[in-house]
Amino acid sequence: MASTMTVSLEVNGQTHSLDIEPQETLLHVLRERLGLTGTKANCEEGECGACTVLLNNRPVNSCLLLAARAQGFRIQTIEGLTSAGRHTALQAAFAQEGAIQCGYCTPGFLLAAAALLDVHPTPTEDEIVFALSGNICRCTGYQKILKAVTNTAIGVVPG
Amino acid sequence: MKPFEYHEPASIEAASEILARYGRDAAALAGGTALLVDIRHGELQPHHVVSLWKIPGLDGFRANGSFQIGALLTVNELGDALEHPSLEGLREAARRLGSWQIQNMATVGGNICKASPGADLVPPLLCLDAQLALQSATGRRDAPLDGFLTGPDQTALMPGELLVSIHVPLPPPRTGTAFMKIMRRQALDCSIVSVCARVTLDNDGVTCREARIGLAAVAPNPFRAKSAEAVLTGSRIDDRTIREAAHMARGEARPITDVRASAEYRRLLIAELVERAIRLAANRARKGTGG
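Those sequence lines, one after another, are chains A and B. Note that this note's numbering has the first sequence beginning at 1, numbered continuously upward. Note that this note's numbering has the second sequence beginning at 1, numbered continuously upward.
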């Protein structure tokens, strides 16, 4: 019988002390213990990117990360993305380009794209394609997502 | 996921003791990108997961004549750290592994010790004559990567032994490496075939002094196609030699038919990719750059 453990997680700038079981993934803790359901559960084997969150500004699959391992990192979820100006522009560009349909993959795409624009404010198309290659969308066909990220990078203001 | 106990030892000795005590009931946690999937699918059911992340000194990359890669260096960090032009093949393998998310989590040591038939980093590391530093509570030893993998999901690690770091000797002058792989899509898939070639040229710039050909996803483990290497060594790198080497590499592979491709298609790909990889590696060796 596995014992519970206490972990301290910094999520979107807030520190949470939580009693969890060791096998709980960060995805599980975010959704079930913190109620942050913007992070989506889907394939749960690191192939679809719906569960993408940022650890110290780098995208990871939260389904493959034990919550215990996420201690000491700055964790950012889609709920924490909305306040910063650049990311609001990114979200607006997704809406403007129709880079969203059912929306299930969108939080993951937005976080991966935001992480890319943090490192490469003016990425090449290849860099965008690589940055988004860990995220699967079954609705849009990707071109609109690519356009939304490009527009954000070159400063096209949706309107 | 099935419950397990989580251990965070702060030293190699402590980790080694836990792993030795519980044997097959324990699993070492590096990046977790393979382990958590195996646990979730029930392929592994360890009651003890031993995180290696509290152990100091297992990460990092040092370039000091040769190259020292910490077992817990992430694949993304590896890609960022590799600047030496002769290591271009390893950099290419790192950049094409999984996805950005996976590269930020998966580790070099994990990619080796998972011993997957398609492990992307293994062909280039084989081509670079990588040596492994292995340590347990009772001692430390070095072992060549070549021979370390003993079957799918099997390594020559002794009970309680851990991979600590990977040592890559400085390649000789006029060395080029190139990595190529074919997948069903351009990310997040296991390779159908992957190939790394290393060519070290003589002073004359046309004769091959030393060659390595590493293949993955076409045998129980990635391996060196040594008969292909023998064809290249001491020969002029021309079309006939390259084709002959590719033919030998194809003959050494033992591909299977699976969900990704047929064995016959894999054989066709091996011949083609080995040819291309040798050409690119030789071009890079001639230029003395990674480009």
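Calculated from the structure, these hints are not laboratory results. A hint or two may mislead.
[Claimed, not checked] If you only want the chain B side, here are some residues facing chain A, beta carbon under 8 Å, derived:
| hint | residue |
| --- | --- |
| 1 | 3 |
| 2 | 37 |
| 3 | 40 |
| 4 | 186 |
[Claimed, not checked] Okay, the calculated bits of chain A under chain B, using three or more residues with CB under 8 Å as the criterion:
| hint | segment |
| --- | --- |
| 5 | 9-23 |
| 6 | 30-42 |
| 7 | 48-55 |
Glycine included, each C-beta is placed from N, C-alpha and C at the ideal position.
Hints, one by one, checked against the model:
1. 3: 4 Å, holds
2. 37: Holds, about 5 Å.
3. 40: Residue 40 of chain B check passes; min Cβ-Cβ to chain A is 6 Å, inside 8 Å.
4. 186: 7 Å, holds
5. 9-23: holds (count 3)
6. 30-42: violated (count 0)
7. 48-55: Satisfied; 3 residues make the cut.
Of the numbered hints listed earlier, the single one contradicted by the structure is hint 6.
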